[in-house]
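Listed below are the residues making up each chain.
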Amino acid sequence: MDTIIQLRNVSFAYETEEEKNLAVQGVDLDVRRGEFLAVVGHNGSGKSTLAKLFNAILLPTEGHVLVEGMDTSDEEKVYEIRRRVGMVFQNPDNQIVATIVEDDVAFGPENLGVPPAEIRARVDEALRAVGMYEYRLYEPHKLSGGQKQRVAVAGIIAMRTDCVIFDESTAMIDPKGRREVLETVRKLNRELGITVVFITHFMEEAALADRVVVMDSGTIAAEGTPAQIFADTALLQRTGLELPPAAQLARTLREHGVELPDETLTPEQCADALFRAAQKAGVV
Amino acid sequence: MAVLEVRNLSHCYGAKTQMQVFAVKNVSLRVEAGELLGVIGHTGSGKSTLIQHFNGLLTPTSGEVLLDGENIFKDKATTHAARFRVGMCFQYPEYQLFEETVYKDISFGPRNMKLSDDEIDRRVRKAAQFVGLPDALLEKSPFDLSGGEKRRAAIAGVMAMEPEILVLDEPTAGLDPRGRDTILRLVEHYRTETGSTVILVSHSMEDIARMATKALVMNRGEAALYGTVDEVFSQGDKLVSMGLDVPAVTRIFLSLHDRGVPVRTDVYTNEQAAAEFRRLLGKEARA
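Chains as they are written, first to last, in the numbering used here: chain A, 1 to 284; chain B, 1001 to 1287.
Isolated chain B (complex conformation) (with noise of 0.2 Å):
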């Protein structure tokens, strides 16, 4: 059964005015248990609108969210529940810390749920390891950490309520090539050890082609493409028209493709790159 799935959700500011904009239209979608879907779109596509109904900060204007078949809005407590089953993690996070001790703001979450101390204790141990973050750090105050640590405290914050889905808006934003990679190797290995399932919310195709399971673009508020990330990044011609970045790999096979070369368009790794142009040389044997 599908962890977290959406029905028909649409979303409207300003209903019933005259200046009333759907921000999502009719969206779709199933995710399974311990995938990694990968949510594109550009800035006003509605992305972060239809996450922040998977948690029930926001109640859609019709349609309908359920997490293991059910409909999180059906009740007030459902409602609250879907907090903590769906741990949130908005953009730029660090700006969110605000306790004395970095442990304190790992623990906040926990500690709203209403857990023992032991357990609270163990939960943010588990997470700040998971991020990376020694035990000596705990103690310090957040400010005093360096930019890539607070990121990475902020975001074990969220993973010590241990949520069901882990939804992370631009994890990555603002970071230098070793934090990028840093965040999306933790993120990766979080997944695999825990079987969680995990929501990637980038701007970085290449992110996206390298580590989700699944893709969904949205474009004007709508689910423009969602399929496997075979299914979606094979269509880079589609992505470009929406004003996607696609990857460099795939711009580039494009645009040969528009010079004359016969090549196939539908690559998004290097290494599926490669191959291509070697078939197209004719150089298959020499693997």
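Pulled out of the complex, with its shape left as it was, chain A reads as follows (with noise of 0.2 Å):
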């Protein structure tokens, strides 16, 4: 499959006079393109350090880091780099440089030196992507957290990027605000065939993914479809995390006695393994 980011042996450390912490260590990583990729572990095991590796924000001290070909340590290839790969980040209030929405989504094509017109239909084209045409003249201060987010999402496929990096852009907004921001990206994801990285430690998310890698001291500790990583119960004991909520329940019933499929991760999988469980069992 055609390979978008690729992580060569890649270690990064951040350096203080006293200490050097080594945040991630010697991961070989491929991102494919128009896959939805999600990265989960704790805090502190260095997956926000890895995403911020993606688009150069960080360049690795040791491994090469190549995007579309192009080593982000090569100073001159930056601009075309992060114009192939954005990034949104966690607090919806830190990425809003303008005071009118459609002002803040021309910010980056018009850094990129599109011309006006072609602006115009890209802000267009990005907000209605994003479901946000209606407050195109809005005030981004009047907006809620998940709308803010998806007017960050507006500004960097604006950029016609091919691939969006979320860096725990979930973390700070409310549930509603979270389904609002995740239905956008997948959507992006499937109807676009823009690229996702989704870093998160919402597990219900990561169970929506097409693949999972399990971040845990700063290597890469599994990597697999959600299936396979939440049927380990050991590894997810081990790198601290959790089963996404539906799957909890899933495990509750099965000791119960009912029989279940092992992919009953989403509510919706749930939902429908227990209308066929009714099914079979003649009750509906």
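Worth flagging that the hints you see were computed from the coordinates, not collected in a lab.
Glycine residues also receive a C-beta, built at the ideal position from the N, C-alpha and C atoms.
A few of these clues could be false.
A few chain B residues facing chain A, derived, Cβ under 7 Å [claimed, not checked]: (1) T1043; (2) P1177; (3) L1256.
With the hints in hand, could you dock these two chains into one complex?
Following this line, the structure appears as structure tokens:
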């Protein structure tokens, strides 16, 4: 499969005067074009450092990060790399630069030197894609956290980015906002083919990904489909993770003798599985 | 007697201007000593405005707040005393750490209460113990702690005032699963050890379902639902209609019910759900 980002034996150390703290150690990872990749791991596992290595916010102290073949250590390529791989941060208030929503979305393409007529078209298209077109003339501070994050996403896709990294972008917003952001991300992934790397503490979000990478002590502890990862109880225990709520319910039901398929990770899958179990028992 | 009573409290921002909005409308509640009240509501529902009245940070436009039967807005001294009787821990409290050492930071509250040095020391060490910060960390700079430790140090600073009521606004926001679990467990331990009343504001219905004795649901400034956790969570459809995130279990059972499966929809824990599904399949006898 086509690879968009390649990490080859990547290490990164935060250095202070007294100590050297290795946050990422010898990581090899390919991000595949068009996939929805979730990265999970407890606080301090190295996942946010990893995120910042993807588009040259941080440069590896060892090894190489290649974005469509371009090395992030090559200073001349940084612009090109950032144009292809964008990032949405954790705090919705830290990444809005303009006083009107549509100006904020236009900021990226303006800096790329896109002609004004084309900017207009891209901004409208991007705001429609994230469901914020009606809010284009709003002042950003009047929006909810989830809406602000969607504006940030629009700002990135207006640059025609191929890949978006979400660095715990749902951590500081309420459940409703979280659902809005997640739905938007899934839609962009499915409909526009944008590659998504989604770093999160919420296991129910990771359950929706094509692939999950588990970080622990700066290394990749495991990699696989959500079904594979969440079936490995010892791994979850060891890396300080938990099952998504729907999978917790499935586990309790199995303990009570209800037979359910392995892939019961999301509320939809769980409801479907229970519906079929009820049908099989002839109670529906 | 109720340790905290709120009577017909309303709070209006921009009163007597054309912009006036009621952030809190006619809310009444009674919290008994030792209870854990969970407060739920989405952003802008008025829950933060409401809790800021409990220790007199905000003055109500109308209505009363009573601590042990006494109106805290009776006079200035009573309002001032309420600051110490109701300990308030805001969202992301680690941003408010500021002292040179963790010890000094935790002692800030008790020092303001003009307690003796011995008493301050006792309280700081006890609070640190409650939140699981070892003595060795107390002499460190708060900025050298990990994210989870900073959060716990900030909570200890409020606990060290030994308030009758501890109010925690989203204490687990932004933490990983293990960090969330640690905070919730220490809050529960603190409550059972000290017999204090705890008010927990949370977006996580799962957490409220697991820990609270009573739940208050705020919606558009009003107390939309208020009662035992059972009474509130059994009304999943109402919670959904207010745009709230019901526990995944409730959502799954609501969806089954919609599809014609004759299940109850008032379940909100895994155990209840399992029992209800077994009843449906006619498996009760196998327990």
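* To do: Check each numbered hint from earlier against the structure, then list the numbers of those it violates in ascending order.
  => When the structure is compared with the hints, none of them turns out to be violated.
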